[in-house]
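*Asks:* Here are the chains, one letter per residue:
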Amino acid sequence: MADEGNGRPAPERDVILKVENLVKHFPLTQGIVFKKHVGAVKAVEGVSFDLYRGETLGLVGESGCGKSTVAKLLLRLEEATSGSAIYDGKDIFKLPRKELRALRRNIQIVFQDPYASLNPRMTVGDIVAEPWEIHQGRMGKAERRSRVQDLLARVGLDPDHVNRYPHQFSGGQRQRIGIARALALNPDIIICDEPVSALDVSVQAQVVNLLNALQSDFNLSYIFIAHDLAVVRHISDRVAVMYLGKIMEVGNQDQIYDRPTHPYTQALLSAVPVPDPAVRGERKRMVLTGDVPSPANPPSGCVFRTRCWKAQEKCAEEVPALENRGFDHPSACHFAEIERVVPV
Amino acid sequence: MDVTTDDPKAAEGQHLLQVEDLHVEFRTQYGTVNAVNGISYSLDERETLAILGESGSGKSVSAQAIMGIIDSPPGFITKGALRFRGTDLLGLDESERRSYRGQKIAMIFQDALTALNPVYSVGFQIGEMFRVHRGASRSEAKKKAIELMDRVRIPAAKERVGEYPHQFSGGMRQRVMIAMALSLDPDILIADEPTTALDVTVQAQIMELLSELQGETGMGLILITHDLAVVADVADRVAVMYAGKIVETGSVFEVYENAAHPYTEGLMSSIPRIDQKGRELNPIRGAPPSLMRIPPGCPFHPRCPYARDVCRVDLPPLYEVSASRRSACHFFEEVLANVEGGLTGGR
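In order, the protein sequence lines correspond to chains S and W. Numbering-wise, the first sequence is residues 1 to 344 according to our numbering. Numbering-wise, the second sequence is residues 345 to 691 according to our numbering.
Some hints here could point you the wrong way.
[Unchecked claim] Quick list of the computed label-pair ranges, beta carbon to beta carbon:
#, chain 1, residue 1, chain 2, residue 2, range
1, W, 502, S, 34, 36 to 42 Å
2, W, 461, S, 102, 49 to 55 Å
3, S, 79, W, 374, 44 to 50 Å
4, W, 373, S, 28, 44 to 50 Å
5, W, 390, S, 290, 27 to 33 Å
6, S, 77, W, 374, 57 to 63 Å
7, S, 115, W, 667, 50 to 56 Å
8, S, 339, W, 373, 56 to 62 Å
9, S, 318, W, 455, 52 to 58 Å
10, S, 150, W, 455, 39 to 45 Å
[Said to hold, decoys possible] Below, a sample of chain W positions facing chain S; criterion: calculated Cβ distance under 7 Å:
#, residue
11, 510
12, 511
13, 618
Please keep in mind that the hints were generated in silico from the structure rather than gathered at the bench. No residue lacks a Cβ here, since even glycine has one placed at the ideal position from N, Cα and C.
One chain only, chain W, in its complex shape (with noise of 0.2 Å):
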């Protein structure tokens, strides 16, 4: 999670995935637009970090710039590096790419109906998997979409395996998706907004089925959400995104108990509680700014209630708030010592 140096895992190669000064731009007609403006964090082994932020906060596009897939042009990735196990992907070319996406890192999204194929039985579709990287055979193929969607709990696999994506409910086609996911053992799985589209009961399904195969294969766990709540649940740090750029960061326990970051404070403010009644709900003013005007100096300055002149002029750097915890607030300190802005024990 570190951004300075002094990381000595980071120095030694040792994450699992290491995120350096990411950079990604698209540029369109319209102008350029600055998704995502010098992130960097590591994700370990069996750990689950959220990324935490609203739309149109960079969260996805730095996902989509580790496994691979950012369309190019529009979009570039103008510096930065992603180092998996120590080697940077980015100077990698495409063929030595392919090797790692899907095999060494893999995705889950959103709208499982959009990402499967209508067309192809949903067991043709996690068999590909195996025909394409392993060369399995038709019938080899099969057996194991049939094993891999027993291990996803889908009932009846067997049955099944032959079905299309329109004759699965939402929680069964996501379940597809992250057999497709571990199909080939990844070591990093990226989930994008998993159960964004999922009603509450499917939700709980979902996420408990992640944690236990977080738990049977070690891998590392990149959640991508703007539901505080299923992050309190599920992460062991999260890092909280604005306008393409980390703002806070820190084990999700320390976050919760007291943000760091102004914007940290107002998403909890902000948010209603189902343990909670008739608290009142202190909103964000305004809305978040368009990646294509970006502005000066911090760009949450215009909302924030903390905002002095210098927050207007100078971008603020990652402050080190404690060994593990960083926020990009000149006031870090003040924002620390209003104890309203926490959820734990807020009840």
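In isolation and in its complexed conformation, chain S is listed as follows (with noise of 0.2 Å):
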């Protein structure tokens, strides 16, 4: 993503975030007191990618491909094994812990369960008005309770529900509540882990929306974590698409939905079905064999070379970089081309 403005929304747009070779391994131990590495869990494996201020960038990918563990890292959640984050001229894996509380005023996280993220024990009102308990100074008593309502008015929850407790919500209010604190701070950024797949249909398209009205309301960039492609290319400007820790493709939402380049991207994409009983059986499918292998170890060279039915020897010794390939947006395939998959 380092290299030319590929898949940029538009190139005058700054960078808010720049992630490069971001890599988490987990260790893998043995024994009980005395713990020997017998290995490592590589859930990341150098992952770059741009966030420009107001936008929307969806990170995709099947569970286990190492989406949440970026959002974790990124918040100093988990420590990095390696690799760089820059917001705002620093690298945030180097801030120490003082400058660490800064950094999480401005990248807020919403989370895929909405009924364990929000203590149970505590009134809507003294959850949303939690970050400035923590971040103090940033509102005085005072203004709390008034400046909570108008919060909760914006997300779209009656604001004379601020002493109401959790179990009280249904899941999309709850949803919605997780949003209005992360929104108390004021943030440049907020990381979405699935903040929609637990939400039934009707209501998650009501979530949806308030995500997009809040991000042109407060200039708001969003990484977009989802397995559900459809909603991703709703609310994305670009999408990456992750497999096993890497990042195999990144573009705007046309490049990737429309002109998908990397194999796994289109396999992807055509199990995806559409809701549409006109198109059935029209569709060609590249159903995958096989399992995602274990991160602890990953085949060699190119990641996906095991279920792709392109692979050579090369994929086998040559790890296929993410850059440009004679197509419009970057991939990291030797042998990428264009191949549609959704229907028009």
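Can you join these two chains into the complex? Each is in its own frame, and there are hints to help.
*Replies:* This is the structure:
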């Protein structure tokens, strides 16, 4: 992604977050008292991307591809093994403790499960105001209540419900509470980790629309992590496709959905059903065989080669770089070519 | 699919399965939960019927009633009939009912890891069907288990028959579930959100497997799901459920081309589509009602853009829209006239 401006929404936009060569290995140990390293789960293996101000970058991939680990690393909920993430001129991974707090003020997260991410013993008012409790001096005690009510109203909840508890709300409403909490400190970036996958279909659209509206109101940048490719297409300006800890292909949403060049992207898109019985049987399906290999022991060369129908000797020997291969966006495949799999 | 009595097949008991006016409630200490409130549908051989609905619509409970696996108390089937080739299952005693469960009607669940027993090997669990129901010996059962694992395309079945559920991936576990469900050649397979917990590439594999197996055996398939796209891909007919009632039924082509119920229409305009970009999502306002406090009149009226005074009082019956199609909306003609409400060809 670091190369010339492909997939960028507009060249004049400024990069708000620059992630380079992000690596996270979780050690595998054996023994109870004397832990012996026997290997590592390579959850994230050299991920680089830029996030522009005001854009939504979709991060897609199947479970275990490392997309949620990327989110945790960027908030330093996990420590990265190596790599850098430059925000506001500083490397997130090298910040001392004190400055880390300022970072977390500006990068917030919305979690997948609105049941587990809200403390059941706190009122909604306390949950949304808690960021100000932690980041002292951002909001005077006197103003908090009215500000909380503003936030609740902004995310579409009744401001009079500040004294209610999470269990009195439905899943969609709880997710709105989580979003209000993330907005409390006026962040620049919100990382949305599967924010709508636990919601019902009719409610999911409400939350997606809310996220869109908030983005234009507050000029937010989103990193939108999801496995639902239809939702990601709807909300994202650009999309990065991950597989086994690596980005396979990145581009704007037209480039990824209409002109995918990486076989994995093509297989993933062709597996997504279209809600139109009229196209049944007319679509080309690239059904992948087998399962995702273990990230503790990924294949040599291209990590996707064990399931790829194009794989040749070169793929086992040489790791394909994520670079331009004669198309309008970068792809990490030696044999990249455009194949349309989503019907027009 | 018919609710009225003018279905000749229903009168003669020729449908594979005929659900008539089924009511299920759960009596809890907080009050009565009216989970299923009078639903009727039929299923034929080789047919795939999709029951589409959101959480709390009663779609899973209706399936559990057919299987006879509702815990009672608190669950009670208060009214209705479930005719399997003409025999009312609700009139049978437990031992007769057992001869249907698993042998005639089988079910697979959303979460295969919790549905499988972690302390027995998958081969043992698949083989259990033959030992219990067919009196097979251990070695015969194991042989059968390997055959079935081959049939659901689990690679290296012979080597993996002794492995435990945690050693399998999510997709492979779901295949084990399917193998167990199909072991006794059931006439009906109920699949309750079979792919919801799975990744999209694995979902495609499982749905393909199910339709292949249906082609081989001719079984009727009831697919319970909230995913409109999966339904569009595999179903012949669809029944849309809301607050314990069927609000619309018809062939999947008809329903997707132009919805005849505001709820169906709302669902269709609220989903993002992989083949469309930038289309404004029009969500249904509000949230589904609690099944303890279902609104009077039409249960959808508080969320419905078409609602009038009559909807707040009168519960709409399933009106006949066409020979194969029903809608429980007083104003279904108006809903049909809104051609924006379909998914077919909207791209």
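*Asks:* Does the beta carbon distance between residue 115 of chain S and residue 667 of chain W stay inside 50 to 56 Å, or does it fall outside?
*Replies:* 45 Å, violated
*Asks:* Hold the hint about residue 618 of chain W up to the distance rule: shortest CB distance to chain S must be less than 7 Å.
*Replies:* 4 Å, holds
*Asks:* Does 49 to 55 Å hold as the CB distance between residue 461 of chain W and residue 102 of chain S, or does it fail?
*Replies:* 51 Å Cβ-Cβ, so the 49 to 55 Å window holds.
*Asks:* Range first: 52 to 58 Å. Now tell me if the beta carbons of residue 318 of chain S and residue 455 of chain W are that far apart.
*Replies:* 41 Å, violated
*Asks:* Do the beta carbons of residue 150 of chain S and residue 455 of chain W sit within 39 to 45 Å of each other?
*Replies:* 40 Å, holds
*Asks:* Taking 56 to 62 Å as the stated bounds, is the beta-carbon spacing between residue 339 of chain S and residue 373 of chain W within them?
*Replies:* 58 Å, holds
*Asks:* When you take the CB atoms of residue 390 of chain W and residue 290 of chain S, is the distance between them in 27 to 33 Å?
*Replies:* 30 Å, holds
*Asks:* Hint check: is the beta carbon of residue 511 of chain W less than 7 Å from a beta carbon of chain S?
*Replies:* Violated, because the Cβ-Cβ distance from residue 511 of chain W to chain S comes to roughly 12 Å (cut-off 7 Å).
*Asks:* Look at the Cβ atoms of residue 502 of chain W and residue 34 of chain S and judge whether their distance stays inside 36 to 42 Å.
*Replies:* Once the Cβ atoms are compared, 39 Å apart, the range 36 to 42 Å for residue 34 of chain S and residue 502 of chain W holds.
*Asks:* So, as I understand it, the hint says residue 510 of chain W touches chain S; can you test that by seeing if any CB pair is closer than 7 Å?
*Replies:* 14 Å, violated
*Asks:* Would you say the C-beta atoms of residue 373 of chain W and residue 28 of chain S sit inside 44 to 50 Å of each other?
*Replies:* 48 Å, holds
*Asks:* Could one say that the CB atoms of residue 77 of chain S and residue 374 of chain W fall in the range 57 to 63 Å?
*Replies:* Hint violated: Cβ distance 38 Å, outside 57 to 63 Å.
Violated hints, listed in ascending order, are 6, 7, 9, 11, 12; each of the other numbered hints is respected by the structure.
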